[in-house]
Amino acid sequence: MKFDSYLTEDHYDELFESDAHPRKAAIPIIDRINSLPEEELKHRQQAAEAALMQMGITFTVYGTDEGTDRIFPFDVLPRIIEPSDWEHLERGLSQRICTLNLFLEDIYNEQRIIKEKVIPAELITSGRSFRPEITGLHPPKGRWCHISGIDIVRHRDGEFYVLEDNLRCPSGISYVLENRRVLKHTFPRLFETLRIRPVDDYPNRLLDMLEYLAPDTVETPSVAVLTPGIYNSAYFEHSFLAQQMGVPLVEGRDLVVSEGFVYMRTTRGFERVDVIYRRIDDDFLDPEVFRPDSTLGIPGIMEAYKAGKIAIANTPGTGIADDKAIYTYVPKMIEFYLEEDVLLPNVQTYVCWDGKERQYVLQNLDKLVVKSVNESGGYGMLVGPHATKKEREDFRHRIESNPRNFIAQPTLDLSRVPTIIDDHIEGRHVDLRPYALYGEEVYVHPGGLTRVALRKGSLVVNSSQGGGSKDTWVLEEVTV
Amino acid sequence: MYKSLSMLSRVADSLYWLSRYVERAENIARFIDVNMHLMLDLPIEFEQQWHPLVTVTGDYTIFKERYSEATQDAVIEFLTFDSTYSNSIVSCLRAARLNARSIREVISSEMWESVNEFYLFIISPEAKREAFSNPHAFFSKVKQRSQEFIGIREVTFTHGEGWNFMRMGVMIERAEKTSRILDVKYFILLPKVEYIGTPYDNIQWSAVLKSASALEMYLKCYHHILPNQVADFLIHDKDFPRSIRYCLDKAEQALHAVCGSTPGTFSNEAERRLGRLRAELDYSDINEVLETGLHEYLDALQVKLNQVDTAIFNTFIAIRPPDLITRI
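Chains as they are written, first to last, in my numbering: chain A, 10 to 489; chain B, 1021 to 1348.
Do not take every clue at face value.
[Unchecked claim] Covered stretches of chain A (in silico footprint by chain B; criterion: 3 or more residues with CB under 8 Å from a CB of chain B, positions within the stretch not fixed):
#, segment
1, 141-152
2, 262-269
3, 278-287
Honestly, the hints are just simulated from the structure, not real lab data. We treat Cβ as the ideally placed atom computed from N, Cα and C, and that holds for glycine.
Looking at chain A on its own, in the form it has when it is part of the complex (with noise of 0.2 Å):
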């Protein structure tokens, strides 16, 4: 398996300027994968894989019970991003963190971006993840997106855009460092000649960010992970990040709030808890406050949050900022908050409630990306060009009855990158999801998941829908 004859068909490849001619920080790479033994890059996929699945790094498959455990598909070709890309993402992507958090502090306190009729306050109450339950919160330092995971996708003008902001409990950084440790020992001499950013130290910063969060008065704050418990399809990386962090993982049902406290049972009695990183819901976090049928919250916990007992990463009520409506209003609230141009642009985007933006979409429902405002993972989505008449028809009905749930993009055509398929090698799309922390300030980490969609031609990387992933190689600039 080599190179040769390997086509970029007209796409932005993120290896390659055109056929035959890779980008100059790519040659090493591809005169390596070149100087391979016939067969041997095929093996070196087949023992990435075997790993995988040794380790358990596998996520749930719903539907069924028995060995459900699969490994997410895994190319051992790493895409590259290069030093001045990669600058030029993180001042980006900083910016856009800073803004959502502004954006957050004001709409659930003075609605100044409201007054000052930047955007519609109907959009913003409308928004089903909107919370007016905590009207009047200042969450602790300030911080309220402490951990984003914001999708970005180059298009053939090889410039970069926001695809849609994650602010809730995104997930796949276990996969990040885990196809690292895997791809060291397929490509160790790579490794040696190139100068990779290290991508390990993530549940460090991770720590760091959430004791920041902890009340002042705590010296060692204790922090613990909160997860659905194990049929979430992300549970394997919710007992990676508590057992990488050395922190407890716990259920709701392991936690109780009593005179203000929130307290895990522990068989030596009942231990405070200080900050928690939940991989719940909202919905679910407390039923006093919010669906009072959820079984895996904490009742009272809103409670002693609002009191400053404890600290909740991420915030509560997030999640309108990654509403996909609010998504297109970002460009103006860096603009209405930093005062400051627009770094990383959106991807231009019809939102349904707005009447004449609806009457295009409805028009060219063959053309467009129909998506739901709160969805993620590739659901409650349409592809219109590969969709069939009646799925259009089916998302017309659901467009019309309910417009503020839809959003519409047109197709971009998604860089790709070079990917084993069967014995060759051919070019597939991807997308990027760099993984950001927000303490005392934005740290980004270098790289993140890369996101391949597997089958020819398709543009929808997501596990569910036959995606997988890649190692991500952010380079050092090279000072001689």
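Given chain A, work out where chain B should sit, using these hints.
Frame of chain A, contents of chain B only:
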């Protein structure tokens, strides 16, 4: 520096049940094994008796709803592969695996892999084929896998609080199942009353010992097979790892290690109940047991073991803060 955290109650509970379920799976295999040996040794003119085995489990009513007759195959199917029966081997291992999965970040990865493979083995079509075509080989494998798990636990898992909870689970389960294995003999009807005390009777008692892997160790102590000595050995022996007294002694040690109290004292209900039961075994003898009647004695013992289990649960797992006790 982090203050050292105590163990989450849920984690302690999962460790306790993880090891209890693996031990239970092993003991069901022993259980079926004892009956196969007993039946092989019965004189040819007598019918096979599989019915008693289900009776001893206490789940005869459930069995009767699903199977028309207590044949060897039906009983093996029920006790091994019936996934809707909560005490079958496959159900125990599913529960063990779920417990292990919920505490994967706490146990060693070797332990997780061991219990995962054990479960995958039991649901494989090959396992099922072998269970009916070569049951002895199959149930030996089940025992071996459980012992492998115990071995892995011993050498990969810190011998701290969590380990002590696992030990408690294993020991209480084992004590309970040894009592049941001993009880099977009570239900097997000998062809005629005159057979009691004959070679047939002795052969059956040695089958009971074999199922508890106790025959060789027993012979080193007593040389001859005598019913009351067999019962004495399986109930009272101080050092044999499957005797009830040994199991309770070790369970108590583990409990004391968790609570930090000195032997002979108690600081909670779990310690009080377990300590009293262990003392009863220390200071009783086989004649007393036989006066009560072996079967009646074992029945009473099982009730007390359940009380210990409940006390452990109330002491460590189902705790509530004082202001909630009044509210709920």
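Okay, the hints, checked on the actual structure:
Taking a C-beta to C-beta cut-off of 8 Å, the segment 141-152 of chain A contributes 0 residues in contact with chain B, too few for the three needed, and the coverage statement is violated. For the segment 262-269 of chain A, the stated coverage by chain B holds: 5 residues have a C-beta nearer than 8 Å to a C-beta of that chain, and at least 3 were required. Taking a C-beta to C-beta cut-off of 8 Å, the segment 278-287 of chain A contributes 3 residues in contact with chain B, enough for the three needed, and the coverage statement holds.
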